[in-house]
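Residue numbers (this note's numbering), protein chains in the order written: chain A, 2 to 269; chain B, 1067 to 1304.
Just so you know, these hints were derived from the structure itself, not from any lab. The beta carbon of each residue, even a glycine, is placed where N, CA and C say it ideally should be. It is possible that some hints are incorrect.
Said to hold, decoys possible - Straight line, CA to CA, 25 Å or less: simulated SDA-like cross-link-like pairs of lysine to any residue: (1) A/K212 / B/E1083; (2) A/K4 / B/N1086; (3) A/K212 / B/T1074; (4) B/K1191 / B/P1114.
To be verified - According to the in silico footprint, chain B covers these stretches of chain A (three or more CB under 8 Å from chain B): (5) 197-205; (6) 220-229; (7) 243-256.
The chain contents come next:
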Amino acid sequence: MLKLFERERLNLEGLSPEQTAIEVRDLNLRLGQKHVLHNINMRIPKHRITALIGQSGCGKSSLIACFNRMNDLILNSQTSGEIIIEGRNINHKKENLSLLRSQVGMVFQRPNPFPMSIYDNVCYGLRLQGIKQRRQLDDAVERALHEAALWEEVKDRLFDSAMILSGGQQQRLVIARALALNPAILLLDEPTSALDPLTTLFIEELMGELKKRCTIVIVTHNMQQAARVSDYTAFLHQGELIEFSDSDTLFTMPDKKQTEDYITGRYG
Amino acid sequence: MHQVALNTHISDRFNLELENLRNSVLTMGGEVEQQLIDTLKAISTNNPGLAEKVILNDLKVNSMEMQIDEECLRIIAKRHPTASDLRLIMTISKAITDIERMGDEIERIAKLVTKQKIPASESIKSSMLQIGQQVTAMMRGTFDAFARQDERAALIVYDQDNRIDSEYKKLLTFTTGEMSRSGQSMEDWLEILWALRSLERIGDRCKNICEYVVSLTSGKDVRHTKLESLQQKIDDLT
Chain A
2 MLKLFERERL NLEGLSPEQT AIEVRDLNLR LGQKHVLHNI NMRIPKHRIT ALIGQSGCGK
62 SSLIACFNRM NDLILNSQTS GEIIIEGRNI NHKKENLSLL RSQVGMVFQR PNPFPMSIYD
122 NVCYGLRLQG IKQRRQLDDA VERALHEAAL WEEVKDRLFD SAMILSGGQQ QRLVIARALA
182 LNPAILLLDE PTSALDPLTT LFIEELMGEL KKRCTIVIVT HNMQQAARVS DYTAFLHQGE
242 LIEFSDSDTL FTMPDKKQTE DYITGRYG
Chain B
1067 MHQVALNTHI SDRFNLELEN LRNSVLTMGG EVEQQLIDTL KAISTNNPGL AEKVILNDLK
1127 VNSMEMQIDE ECLRIIAKRH PTASDLRLIM TISKAITDIE RMGDEIERIA KLVTKQKIPA
1187 SESIKSSMLQ IGQQVTAMMR GTFDAFARQD ERAALIVYDQ DNRIDSEYKK LLTFTTGEMS
1247 RSGQSMEDWL EILWALRSLE RIGDRCKNIC EYVVSLTSGK DVRHTKLESL QQKIDDLT
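The following block holds chain B by itself, in its conformation from the complex (with noise of 0.2 Å):
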């Protein structure tokens, strides 16, 4: 494992430069994850006033997004880093798009909330929480990847998405079911299907800056790389 280390150059000021970078995606991290966490919260008490929060935070997010970017370019333009610097700055200007893309999809979610149109079946609730906790574990064990630059770590969460994902499979195939069955309109169904999608959505943007996560570190692009021999790198790690 390869870490970039961020206090070593001759220049104090590109060491800080760098470190207050790193720090700044970890923040925005930090904020997105206490939306989903607020989100899931408002959904099991039914709570509007947590969720408008959560969208009117969203612009905190997005705000985030864009100085990070210009901060970016700046220390590109100002600095021509190389090597593994390079690719610590490619690397969070690729995380923070979805990092925000994120919590645009918390605030789909918390709409579920504000627009009142929660599941009716306790059934489907709970389970759509129980996946928004696996979601919630995995967003932090990926910005924890990212903190610690540390291969191992993001490919352990990167595995969890297949969990996430055959949850939501099980969920869907339920709720398809339950439509038939119950009382609520088609619209809020629509809604309802909506919020799992990006929920199961958010797990993989968290396998995206894992991604990121062991390229930077390795070297090795492992995007598009089929599950079995990325498994098979787990397999060798663990």
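Isolated chain A, as found in the complex (with noise of 0.2 Å):
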């Protein structure tokens, strides 16, 4: 039969190796007294944009954090369960923290720019890794410019304090400082939550050419956004996963009725 639509459902829980970018094994996050996220379970895939929704303090932003081991700086956090990613377990003890978050970069909410020029912002990690040749450093931060859609408008004022951009540009140059390290995985914490309508939608548009390089999860208290970008979509609520799917389904035909009650408004 005639297929007008060409749709791509992966099958989660039988993902590869190969086509998973972080697999999730019985992960329990305690933040003091608090229980924040219980036995979760996930494949997340390769080269594709992976949206988190679920209501405030579900524990979305902290499953995000572990995923670079930001959890780590709150004191009296605990963390067990095994996250795989580049093929180990970053939750070891041994984990060089360092070289794990420059694999799995990260954009918060509020832009974040160093104040310095935005030349030495992008490249600030690189030399944080050793790099001092400055060709090398030149062709990373136009590259990571240009991926991260921001070039053109900042190339002839690469030496100018990047606190002078807009909100919009100062967000897309937090994120090519991200990609100047080249990360397998970018994590996004309400990246456009500051941001205008119009701003949002460029940089949405930025995400789905992002992910042809490396693997995106996002977490968004706006659930029309996580519906446009996300190519799947993971509902967590009171620090459990109730449901991951393709982002086409759970958004049309979700399989749970806690889902449903979330995204149709109907939730509490």
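Dock the two chains into a complex; use the hints.
Shown next, in the form of structure tokens:
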């Protein structure tokens, strides 16, 4: 029978290691007395955009922070279970966190450029890695700014302060800073909630391009954004993973009633 | 006239999705048009094999309707279209129902050949084929108006249905007269009358789609508009 529309629906539970960017096994997270994440098991597909949605406090930001061990910075945090990235369990105590954070980049809600030039912002991570050759840094800065769709706007003022850029430009600069390290995974925690609707659409378009070179995991409060940008969506509720499927299915025919209630605004 | 610009969204993916959706309707329309051409050919050449192919091919049309419907649902859920984008998707969702029904009517006409119930009277047969040609032209004009989102073309095609209706009524009167004189059974005649009715109904379905095109481009709902006022609108345009 003639197929009019091409649609990909990966079997997320049966993803092979080659297709998997992040595999989460029995993940539990406690922050102080609070049990934040309960037995999370999921496989996040490579080179796709996966959105994490759920009510405030459901644990979605905590989950994304587990993927580059940002929760280590919180006192009294306890993590158990495994997170497999690039074939190794990143929860292992001997994990090299600098290496991990260069492989798994993160962009936050508010653009956080460093108070230095645009150029220095982008090559900050590379310099930390010991790269000093000007030629190499120039190339990396140009490539990262191109990939973050910012090059044309800043190419003539690379040595101006990053602080004079607009909010949308600053956020793209931060994305470029993460991309300069050539990450396999890019974590975006509410990346557009401080931006206007049009700039938001530009960043969303950018995500569509970026997934060709890395896996993207995005946390968003904006359900419409999750629907627009993501290929796969996970719904979390009170620290539990309720449903994880392709976004087409989740937003048209969710399997679980809790998901249906949340996305249709019947929650609570 | 106001066309829905499919390629001006910030999101290229959204542009592509709308373009694919529109093209899929045209693919479905082209398929149904070919079905009608084949059916008329099967009647004129008394070819049951070709008619059988038309009947089987209707499954393809049904599947297309389901796929396009699902895509409309997906786009509404994921893109939250508004204004002209929303009107386009609602238009498509309604138009494919009409196109699928056209397919069903064509299937019924094709069964006339597989059941060997083609009118014995040459004059009825040739009048039937003549109306069939008019309906085919109307169908082509409808999909063309849809593709170009051309309100004027849609209103002109809309007007063609009046001619088809009057031809149909004339043929119906003639056929009723022939029934008493001919040796064909009443069952055969009923099948022929149903097939004629189906042909006329295809014209009505085209008319519906033309109304949707006018609503899409002008934002005005012209359904259930009196013919005179619509005629005035056509006169103003031409």
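Going through the hints against the structure:
| no. | hint | result |
| --- | --- | --- |
| 1 | A/K212 / B/E1083 | holds, 18 Å |
| 2 | A/K4 / B/N1086 | holds, 12 Å |
| 3 | A/K212 / B/T1074 | holds, 23 Å |
| 4 | B/K1191 / B/P1114 | holds, 16 Å |
| 5 | 197-205 | holds (count 4) |
| 6 | 220-229 | holds (count 3) |
| 7 | 243-256 | holds (count 4) |
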